[in-house]
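Participant: Sequence:
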Amino acid sequence: MAATKAVKRDVFVWEGTDKRGNKVKGESPGNSINMVKAELRRQGVIPSKVKKKPKALFESKQKITPKDIAVFSRQLATMMSSGVPLVQSFDIVGRGHENPSMQELILTIKADIEGGSSLAEALKKHPLYFDELYCNLVSAGEQAGILEDLLHKIATYKEKVETLKAKIKKALTYPIAVLVVAFIVTAILMIFVIPMFEELFESFGGELPAFTQIVVNMSRVFQEYWWAIFGSIFGVGYGFYEAKRRSRSFSHFLDRVLLKAPVIGELMTKATIARFARTLSTMFAAGVPLVETMESVAGAAGNVVYADAILKMRDDIATGQQLQLAMKQTNLFPHMVIQMVAIGEESGALDKMLGKVADFYEEEVDNLVDNLSSLMEPMIMAFLGVVIGGLVVAMYLPIFKMGSVV
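At position 363 of the sequence shown (counting the first as 1) the number is 391 in my numbering, and the numbers step up by one without a gap.
Everything hinted at is true.
Cβ-Cβ distance ranges computed for the label pairs, FRET-style: (1) Ser145 <-> Val112: 16 to 26 Å; (2) Ala271 <-> Lys193: 16 to 26 Å; (3) Arg48 <-> Glu187: 38 to 48 Å; (4) Gly111 <-> Met63: 25 to 35 Å; (5) Gln71 <-> Gly173: 26 to 36 Å; (6) Arg276 <-> Thr347: 24 to 34 Å.
These are calculated hints, taken from the structure and not from any lab test.
Using N, Cα and C, we set each Cβ at its ideal position, and we do this for glycine too.
With the sequences and hints as input, model every part of the structure.
Facilitator: Below, the structure is given as structure tokens:
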């Protein structure tokens with residue numbers, strides 16, 4: 029069932045007096061001035077002035093990040109565990125949030141709950157921020173009467189997932205950033221610096237060393253076709269991004285290649301298994317049936333190869349097969365993971381065993397990222413030394429040659 033599209037709510041500024049006769053003022057989201065006035069009266073405020081907040085000419089709306097959702101989940105869980113009612117928890121968390129966009133989202137959900145919607149129904153109106161997994165867990169908590177416990181599990185899950193994503197980004201961003209900087213520096217040398225040396229060499233006369241001549245020729249290509257080189261790099265990058273986003277077959281091919289790549293493949297495999305175990309553990313502990321859980325787990329896997337395998341596992345489990353056997357048939361899960369799942373199924377503690385698997389692989393990812401960073405630093409320094417140092421040597425070879433002749 030498609031999620032209902034959220035109605036855009038305006039922000040109104042107001043002034044009035046509270047129950048003690050003190051003057052108060054503030055801001056509230058709403059669909060109309062009358063609705064805002066009614067809400068203020070319900071809160072014990074007699075409004076004297078309510079008007080729509082003017083928008084800035086060049087308004088730059090702050091984005092809502094997954095980290096914002098993780099923090100919100102933990103705050104809401106903490107408030108409810110302290111005995112604060114749901115609507116009041118939303119009000120406190122929303123008005124205290126530093127991100128205006130997040131504040132607006134929270135207060136909008138609060139208004140839906142006040143209008144009679146359940147928390148799960150209110151969250152489903154915002155699928156961009158609350159995915160099917162999140163909403164299913166909340167719905168299970170509401171139905172079982174353990175919403176507070178489920179909110180804590182959701183908060184822990186979101187925090188673990190975001191930490192894992194940050195580690196992977198750390199491992200991949202550093203070398204990519206260095207390569208980009210190296211290319212820009214090389215391009216600047218090729219376009220602006222080497223032509224100066226070329227003029228100097230022409231004044232010397234004679235034949236240039238082969239290495240220097242190659243660099244000079246490359247510099248001429250950069251000077252004449254710099255727009256094509258930069259355009260091609262941008263075009264290839266954009267085309268790669270669009271192909272991965274739009275083509276499932278290309279995403280499948282790319283994910284399969286990444287899983288088999290040296291070092292990176294090990295990192296991706298362990299990170300995917302950690303996400304699989306953490307998601308399945310959280311949903312199973314919430315009381316969601318295993319077959320229903322698998323679709324959400326596939327969506328959270330982060331790798332098309334594993335996502336397809338998990339959906340195949342779901343079909344096998346639906347026919348009565350055990351989870352451990354379904355995992356074994358995919359040939360994607362290590363023997364240790366399958367054995368832990370087998371023990372969990374036999375002992376009736378599958379969620380705890382999966383949690384231990386997730387903890388183990390999250391720690392493995394952490395160690396791998398640290399080792400990868402330590403390994404990459406000297407390799408990157410050596411790469412930069414060869415590229416930049418090679419260009420410098422090429423430019424000074426003719427001068428060294430002249431010195432030997434003299």
